[in-house]
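Peer 1: Spelled out from the first residue to the last, the chains are:
Protein chains: 4
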Amino acid sequence: MTKKTINVALIGQAFMGRAHSNAWSQVGRFFDPPRLPVLHTICARHGETLKTFAEKWGWRKAETQWEAVCADPEIDLVDIGTPNDLHRPIAEAALAAGKVVACEKPLAGTLEDARKMRAAARNSKAKTFVWYCYRRCPAVALAYQLVRAGRIGKIRHVRAVYLQSWADQSIPLTWRFDGRIAGSGSHGDLNAHIIDMTRFVTGEEIVEISGAIAETFIKRRRRMVGQAAGGIAEGLTASSRMERVTVDDAVLFLARFSTGAVASFEATRMATGNLNRHGFEINGTKGALRFNFERMMELDFFDATADRAMQGWTTIYCQQGAHPYASAWWPAAHPIGYEHTFTNMAYDILCALGGKKPIVPLPDFEDAYQTQRVLEAALISARERRAVKLSEVP
Amino acid sequence: MTKKTINVALIGQAFMGRAHSNAWSQVGRFFDPPRLPVLHTICARHGETLKTFAEKWGWRKAETQWEAVCADPEIDLVDIGTPNDLHRPIAEAALAAGKVVACEKPLAGTLEDARKMRAAARNSKAKTFVWYCYRRCPAVALAYQLVRAGRIGKIRHVRAVYLQSWADQSIPLTWRFDGRIAGSGSHGDLNAHIIDMTRFVTGEEIVEISGAIAETFIKRRRRMVGQAAGGIAEGLTASSRMERVTVDDAVLFLARFSTGAVASFEATRMATGNLNRHGFEINGTKGALRFNFERMMELDFFDATADRAMQGWTTIYCQQGAHPYASAWWPAAHPIGYEHTFTNMAYDILCALGGKKPIVPLPDFEDAYQTQRVLEAALISARERRAVKLSEVP
Amino acid sequence: MTKKTINVALIGQAFMGRAHSNAWSQVGRFFDPPRLPVLHTICARHGETLKTFAEKWGWRKAETQWEAVCADPEIDLVDIGTPNDLHRPIAEAALAAGKVVACEKPLAGTLEDARKMRAAARNSKAKTFVWYCYRRCPAVALAYQLVRAGRIGKIRHVRAVYLQSWADQSIPLTWRFDGRIAGSGSHGDLNAHIIDMTRFVTGEEIVEISGAIAETFIKRRRRMVGQAAGGIAEGLTASSRMERVTVDDAVLFLARFSTGAVASFEATRMATGNLNRHGFEINGTKGALRFNFERMMELDFFDATADRAMQGWTTIYCQQGAHPYASAWWPAAHPIGYEHTFTNMAYDILCALGGKKPIVPLPDFEDAYQTQRVLEAALISARERRAVKLSEVP
Amino acid sequence: MTKKTINVALIGQAFMGRAHSNAWSQVGRFFDPPRLPVLHTICARHGETLKTFAEKWGWRKAETQWEAVCADPEIDLVDIGTPNDLHRPIAEAALAAGKVVACEKPLAGTLEDARKMRAAARNSKAKTFVWYCYRRCPAVALAYQLVRAGRIGKIRHVRAVYLQSWADQSIPLTWRFDGRIAGSGSHGDLNAHIIDMTRFVTGEEIVEISGAIAETFIKRRRRMVGQAAGGIAEGLTASSRMERVTVDDAVLFLARFSTGAVASFEATRMATGNLNRHGFEINGTKGALRFNFERMMELDFFDATADRAMQGWTTIYCQQGAHPYASAWWPAAHPIGYEHTFTNMAYDILCALGGKKPIVPLPDFEDAYQTQRVLEAALISARERRAVKLSEVP
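Chains as they are written, first to last, in the numbering used here: chain A, 201 to 594; chain B, 201 to 594; chain C, 201 to 594; chain D, 201 to 594.
Hints should not be assumed to be uniformly reliable.
No copy is singled out in the list; a pair is fine if it fits within one copy or between any two copies.
Cross-link-like lysine-lysine pairs, in silico, DSBU-like; alpha carbons within 35 Å at most [as the list claims (entries may be wrong)]:
{"hint": "1", "residue 1": "Lys-589", "residue 2": "Lys-316"}
{"hint": "2", "residue 1": "Lys-256", "residue 2": "Lys-556"}
{"hint": "3", "residue 1": "Lys-256", "residue 2": "Lys-419"}
{"hint": "4", "residue 1": "Lys-204", "residue 2": "Lys-556"}
{"hint": "5", "residue 1": "Lys-327", "residue 2": "Lys-203"}
{"hint": "6", "residue 1": "Lys-327", "residue 2": "Lys-556"}
These are computed hints drawn from the structure, not numbers from a lab.
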């Protein structure tokens, strides 16, 4: 018997375009999902490169107008992989047309956009998903399971960082430095991930921002000429015209979680030495967890209930049969990589659409909106130099 | 202008069948090779699962007789992903038919088979390749480049291990424990990799085995029933009949390299705590290198020419623009995984077939035969309890 | 020719009493200081254990009244190793009597006490020292030197933590949980160290606290019976009477340094999994530094001016001839331990008293007062839930 | 009540002279041993530096003739810290005079000397000790305890290395390169330690050397002028005269333990990048252990009986109340250093002399002779290029 299929349309052919195309291509080869994705339509502004992209990845159709894609009755799922300012209009159109929507993170560049997207999702019967795909890093999914199993106890401390270092003075002013398109800099790009990740793993909500710093170290950059594809910062060319950067390079904030844990968050593009340090440490009354995406296969667990003389951090290599998503891939300790987090998420989306329970919970617009509120509260705290209750942010 | 294509036939649909299918599928998406592979024919004994496998991976044709595949005039390249005892007959038939051959490692289960394969390659005009794909781990390729650039100086010490721990008493007697099929146990399976890897990185040949131990800790295992697919040791079922294991669980040996370096090698399936520790340390007069596949993105380099107070092991995360194969994949420090080493190798094979220089050298039958001689010399040393010159092995 | 000697009187025979006694005993054996210390008088309240202590460590005289010690004309240097509330009265008496004073950190339990101590030091001709001895961890001293040598460039990020986990509910209410004696909890005990350490290494002052959290997770503890000696939390007995804890368990704060770097600090006694994680990471435009006292021999350095493909964190083992304090101790990579930081500091104090330049600068009361101001500003920020300029704290 | 004392005479004032003087000085301060050592006599050839040394460390008497020391009726224990060739004559004289003997490792430079020393010990009623002090590294002692407690199960693999890198061409020909004085090079100096350590931890004996390599990379060195004190290789001066090195730079060997475990050993002074890597990995049916002296506080333990998804290497920081020797020193995770292994051993010697059980077993001449046999068998194996049964070595 042939499985039912889902016709996917993907908007975007840059970095996220590649990652999502790969996920939809690979999911049926390594997993056995209840629905199989059809790579139906790829859509992007730059028609000249689009044909090659479509051929390479096996997209059946190429399209330059997202409005047409959202209107196409053949499409079941619209996958949004564009810069942040387009998330809202595309999502609204797709939801209005009854499509399932899978949107890149953060939900939107601004809280207002995010709120409208949540409203659109509430008004639609279609499911929504947001690509906070690091939840599907096997180590992060295991962390989630350990917290649920009571292995950490009551959580007292959360420490989360997303540290990069690519944004030195040589990097021109791409859309990521333009507040009108991106909304924010490292904050929406990186803090969004660790806010989602710690909310997910702890199962708790942030109720207060106790203080914050937002800093733009490099105030002016050369305007970029042409477009970048496939990377964050490599191979860009720039004009000699300097323009003002309108987003942050780094945002740090302190927070309190709903059950009393105290927390610190930091996102930056200027932490020399850190290429992509992205993770957390969580300390509870019974145990502790540590994760760093640069060593994504490893979860460190500390069991404070063990015999005292035997206590220590245990480094669990999360590619064994028992681990989340592991059996789909390779034998023990044969590592997977970055793009597999997308493929794992594509599997769980197909499960959700096919009536099967995902391996760990998926974030929808409602859920991603909570992360957006935290982002907003942190910016208010930095601007007004005071503690901010989350209840101040509607 | 459309690129020329290469029609590939793959023999094998188990663990290596998946890894090779993936490599041929992905290479054109992430790289821009001078030839594009066509997934033409998949061939395996078990016809019942083959159709699903072919559909999943996009193989155009499925075939159960490898002889027919080797005779098919449409096929350009025969890719051998079978157990070791079939490497020789398939390679001989394919080479006789003028096909390019890409053979899984080790070249063969026995030295005699390997020698015949080398002869067949010498008699053919077609290119041969052996899937020692860890050479294309970016960190290993960088190690190769650093030795060539003189950063290590004269090499004095080589230490290489491939330590696994999956083969406890519960594991039944699969083909990997059967000397008639596999030739040897951990030795051909694991030592083969680290012999190739250290020969590759150092650019030197092993000239003597100074001593060796071969040990089978578990002498008898339950005979396996049915077949395993997709893993090394997971999900196997076994009969209650015990049979004698005819391969080693562990082989250790000491060696000397051509320019005087002393070396130790160890392969085992019984080193509790080591899921897949696979790597080397090399110490030279000017520097040193360390690699462990469990953290495959990282190469440790020690620069002994630096200011004394600043010396130390530098952990290089080998996913940046400047690193081998990095630009094909993701932004800085977004890790790749196990299967990417195959995809990287598929790219270099397509380069070699399309007249472009591979990023680092590819092993052919001639080259892999040297690794086979070392494997043999180590077994003689273990058996005869004495040092063995490589010149004793023809 | 016999060296001039310094008659030392030490107040305190508990944890710090041991550490200081050891430092004064060992310094002349491993170093060649311009003055030699004489272990003249040990002073502590509990006379019954004092005699044994004095014999064990070779103190010539035992005394139970610190007033008498400060008045003793034979004493050159008064070393204060008592709980925080006694720092001020002893230091004032000793300075009034013209003695050199070496005081345990923090300078005092309250800012008011600290201010009076600074005034006493300003009014005296005698030198003062504060035992922020981690400055003399070879790795920290090397970090200081590297910043001075321009290897880090302009500093953008400082991250500092001092995480312990000993203070669970089983621990009774010792003086460390009593605000009247200790002044604060983890804040003065642990944050004091990392404030001093980052001020020392960066050479910059903190100009603003941008937000802070102070938290007491365990609000009530059993009152301790008797006394503890020699450890922080081991072997204590407790009554069944519960009393309110009047200090913090954890204090986190965000800060800005004088030249624009943004920073986070965290001290806690409740971070399960962290026995004694104490260190920093500093990211600058040219390089970065990382230190964790649990691996005290190691300094991680990242050279962002190196060839891109070779960049990485270099782990420098700081026990080689070229490293600060190394030549006094053992051959390369034979580690030293916790108490050696005191011995190294004793050496530098004797250098300062004998007219020789210390290996790295020593903190005096003036310097330690700046750390005290930061402690105070952080508490105000936590209490008033707002950013606090350091200039608000006199 | 005053404790009984032990009058100690120490022969040697160089590197080991300092380490032993420190141990005898410190042991009574941090431990409560049943006997207290008196630093009675220090003895060394170079009288001119001896007086200063004696004063510094508090030795009551200084002597240049070891024969006189052995004859002195006041001496209870003779502690031998000389180059290897003097171990035998001093030990024989001391034992003949009824003294307790504590001898530096290896027992002797040659097997013949070692055998005579064993005979002398057998003929004496006095206790003997050999300073294989790394047994008293808390992590190594814990490893010993875990093997005894059955946590590792049946041992299958032992891997031990002692890698240094100080002996490049610039280092002159000290006594350590002179076969007549040292007996061997890295072998007796470094392999001796890891042979003792693995015999101690496993509780098993080596029964066969399966193969070996002994290599002298640098054949000739400049003759040293004058003497070195206090270090291995720092601050030496050399003449221009080149002389032949008569010891090994590196020795590797493979071995089998009594219950079937296979093993590899490697000692070298030329492993660039390794300052002092000294440790082992042991894999058993139930668990595994890893130790590296460069991070001496840490023992890695792998529990193969734990739930599969939770298995991993646990890094135990061996400075907590429950750990061997920990309570004598500092609070949790305040590290100790190299010289503490000597102090810990001095404590256990004093326990043995005072009728108290040492924390872990002490090696005597009989025990150290077994290590010496292994050293000898490895040299025979390297020379004769064959496997050697230990039973071939009397």
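Peer 1: Could you run down the list of hints and mark each one as holding or not?
Peer 2: Tested hints:
no.	hint	in the structure
1	Lys-589 x Lys-316	within (22 Å within a copy, 39 Å between copies)
2	Lys-256 x Lys-556	both (31 Å within a copy, 21 Å between copies)
3	Lys-256 x Lys-419	neither (39 Å within a copy, 51 Å between copies)
4	Lys-204 x Lys-556	within (14 Å within a copy, 43 Å between copies)
5	Lys-327 x Lys-203	within (20 Å within a copy, 41 Å between copies)
6	Lys-327 x Lys-556	within (14 Å within a copy, 48 Å between copies)
Comparing the model with each earlier hint shows a violation of hint 3 alone; every other hint is respected.
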